[in-house]
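Asks: Chains as they are written, first to last, in our numbering: chain A, 1 to 503; chain B, 1 to 324.
Hints were generated in silico from the structure; no laboratory data involved. One thing to keep in mind: the hints can contain errors.
[To be verified] The calculated label-pair distances, taken between Cβ atoms and stated as ranges, are:
hint, chain 1, residue 1, chain 2, residue 2, range
1, A, Asp327, B, Ser179, 28 to 34 Å
2, A, Phe17, B, Ala174, 47 to 53 Å
3, B, Ala101, A, Ala330, 32 to 38 Å
4, B, Asp88, A, Arg321, 50 to 56 Å
5, B, Leu117, A, Ala330, 42 to 48 Å
6, A, Pro70, B, Ala185, 57 to 63 Å
7, B, Ala108, A, Leu256, 31 to 37 Å
Note that beta-carbon positions come from the ideal geometry of N, C-alpha and C, so glycine has one too.
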Amino acid sequence: MTGQSPVLRLEGIVKTFPGVRALDGVSLSILPGEVHALMGENGAGKSTLMKVLGGIHQPDEGTIYVGEEPVVMSGPLEAKAKGIMFIHQELSLAGELSVAENIYLGELPRKRFGLVDWVDLERKTNDSLSRLKVGFNARTRVGDLSIANQQMVEIARALTVDAKAVIFDEPTASLTDAEKVVLFEVIADLQSQGVGIAYISHRMEEIFRITDRISVLRDGQYRGTVNTSETDEESVTQMMIGRKLDLSRLASHHELGDVALEVRGLCCGDLFEDVSFSVRSGEVVGFYGLVGAGRTEIAETLFGLREPSAGTILLNGEELRIASPADAIARGISLVPEDRKTQGLVLGMNCRDNMTLPQISDLKAGPFVAEGAEVAIFDQYRDKLDIRTPGWKQMVGNLSGGNQQKIVIAKWLSMHPNVLIVDEPTRGIDVGSKSEIHNLIRDLAAHGYAVIVISSEMPEVLHVSDRIVAMYSGRVMRTFTSEEVTEDTLIQAISGLTPGQAA
Amino acid sequence: MAKLSQKDIGGFLARQGILVAFVLFMIGFTLANQRFLDPDNVMGVIRSSAILGVMALGVTFVVISGNLDLSVGSMMSFSTIVVLDLHDKLGPALAIPAMFAMTLCLGAFIGFLVGYLRLNSLIVTLGMLSAIHGLTLAWSGGKNMDIADKAGTWFSFFGQSRMMGIPVPILIFALLAASLGMLLAKTPFGRKVYAVGGNNTAATFSGIPRARVVFTCYLISAFCVATAGLLQASRSMGSQNTVGQGLELEVLAAVILGGASLMGGSGTIFKTVIGVLILGFIQNGLLLVGLQFYVQYVVTWIIIILAVWLDIAAKRGKLWSPIA
């Protein structure tokens, strides 16, 4: 395989965003007929790399070669014309249109008077579909298909052009095991036709099943490529996480209090089942798992946004029913949601008003809002969390991500909760603010708060937690104490592997 | 001189365009007709804008909460007909509260559909526009409604008298604007209206009950409509079934002219009052320069389009863009 020239080659790609070096000299080559895994933690630069390849971002430095020819990707259409196809994790299909219309969107075959040549369209579409051995046809409405089949439509779209390289971004995130088998067959089929495949996934099991080589990114840097047959999960994990990262636990140096929150056998439909755990005051419990493992849904249930189908929630030993966020807030449960822009903040409102929103009904002077008290709260938490803003009148939408996140945290801290749930506290935040927020979380625990941290980033979970709950597919796999946890055992637990199964 | 980019001009027009256009209109009208700035004319314009203005105050709440209310014109016809009819049957002292109660019920029904059942406000209020018109016709039997003994009642007080030399409709408009302005700008409820309109999901995540806030906004809107109906009935002492027809768009135009965003989350009562006055003066000016009354319908439409365009332009910072 080494004798062949690559179908797609990247050389020294650098991409910076304000304050972040997202890609730092990444080089990578994909050979015809190989499946090349691209791995790295969230935030390692995989998606930025894909956007550079797809022409959504232009690299600051470096060159992309398709075959031997250096190219400039001006946009997704350009990439398609060059034979580089993407199968995205988030599907981009029009649900109301038929399969055929979706596949040929923008380039429907025409006949006289500009009318669509439906016969030709269906014939071409059914040809591609038959290669995929799917159970639907050209006329099926895309909205009626399962997510897996919609993914097949995306793949069929990739097959309509003479693809040189196909990039799969977490394609199995929403597939069942049976559907995965079909996908892997399709990939093997493409492979046998000499198409180069880039395969992005977090799932070790799949990577070792179907890929030929593995390249690893970490913090925007290329960390090397290994042949899949010559490595194992542990060494790939090491490449991904790196030993240099500060994994020293910010361990507790304070006494833990009583159990603040206890959950017994909590279930919510298909989202999660039989979840039990407890959090003591002064303790940080981390929830770690893949996207879709049910962590956020547990938080939303505790916050009254979802109704549990079974199980009990005890706060300070007292059983309670939480029917709405207002209930949760009244009981002293606060949630810093995962998406600060859509769930955490009203971007068009100023900093002070956002911060005091949950308690606005209690901040009254006569019938009116006590603006002085509001400003006092804002000042207090601006100083405490070191929020950098010109003043409380500043629109929250104009602040940096880190400062926005601090506003959301301040909003919930100012409620003086018993239990603080923080979902993805540092998503999309630069490294400096990240460690500030980590220290803040530890500090809160030291002040006696019971804190739950949900995160998809392993260093973060290891860094801040006293205990870690590992989840896989809606179930708690194992609870670790910070002394006993290792990266390997944690990865095994969230991949649904029992210790005996793993290499 | 520094070159103005499309973005600069767009941004400026988006922020100040309506005021610039207003000033140009005023200068033009004053040059064309000396009577335009005459105190009597000015007072007349404000007085005739009061009914529209009162309705616009309520719709401001609905729009800031991220919804629409297209039923206000039709609802105002209903209030007017009902209060005129009940005046002769029950007397003014009972007719007025009865009419307010019925109008508030209509508002509560819309608020229930949009707030609690989460139906689309455009569809609900467009449907109610038609349904309430039917209700009005059923009430009146399709006939005009008149107060029999126009001289023997104090009912004309609201629409026709003056206090301290100022017409009562203007006083009521001012009083309502001041109190609703305080409610929106200074109370926890007002803050919640902005939060729900600005980001409904974030408001929910902050424990704010969206349904109740939206419901209350429609109640406030209905209260304003009832007040407008009272002013209308008292001013004319008789009415057709279609007295409020088309007002929903003028009201919306005034609110948007004032700078409230159709997407919700922004706008103030003060700005709405400005919007009402701009609309009133422009329509009056057009009459004074000798344009036919019917032309006003077209001009109002142009003003709405202009206002909506500027609203969008302000969002994207350009006058035109291929993507939102």
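Asks: Confirm or reject each hint.
Replies: Now for the hints, and whether the structure bears them out:
1. Asp327/A to Ser179/B: 28 to 34 Å: Roughly 32 Å apart at Cβ, these two residues keep to the hinted range, so it holds.
2. Phe17/A to Ala174/B: 47 to 53 Å: holds, 52 Å
3. Ala101/B to Ala330/A: 32 to 38 Å: holds, 34 Å
4. Asp88/B to Arg321/A: 50 to 56 Å: Between Asp88/B and Arg321/A, where Cβ atoms are some 55 Å apart, the hint holds.
5. Leu117/B to Ala330/A: 42 to 48 Å: At roughly 26 Å between Cβ atoms, Ala330/A and Leu117/B fall outside 42 to 48 Å, so the hint is violated.
6. Pro70/A to Ala185/B: 57 to 63 Å: With Cβ atoms ~59 Å apart, the hint holds.
7. Ala108/B to Leu256/A: 31 to 37 Å: violated, 51 Å
The earlier numbered hints that this structure contradicts are 5, 7.
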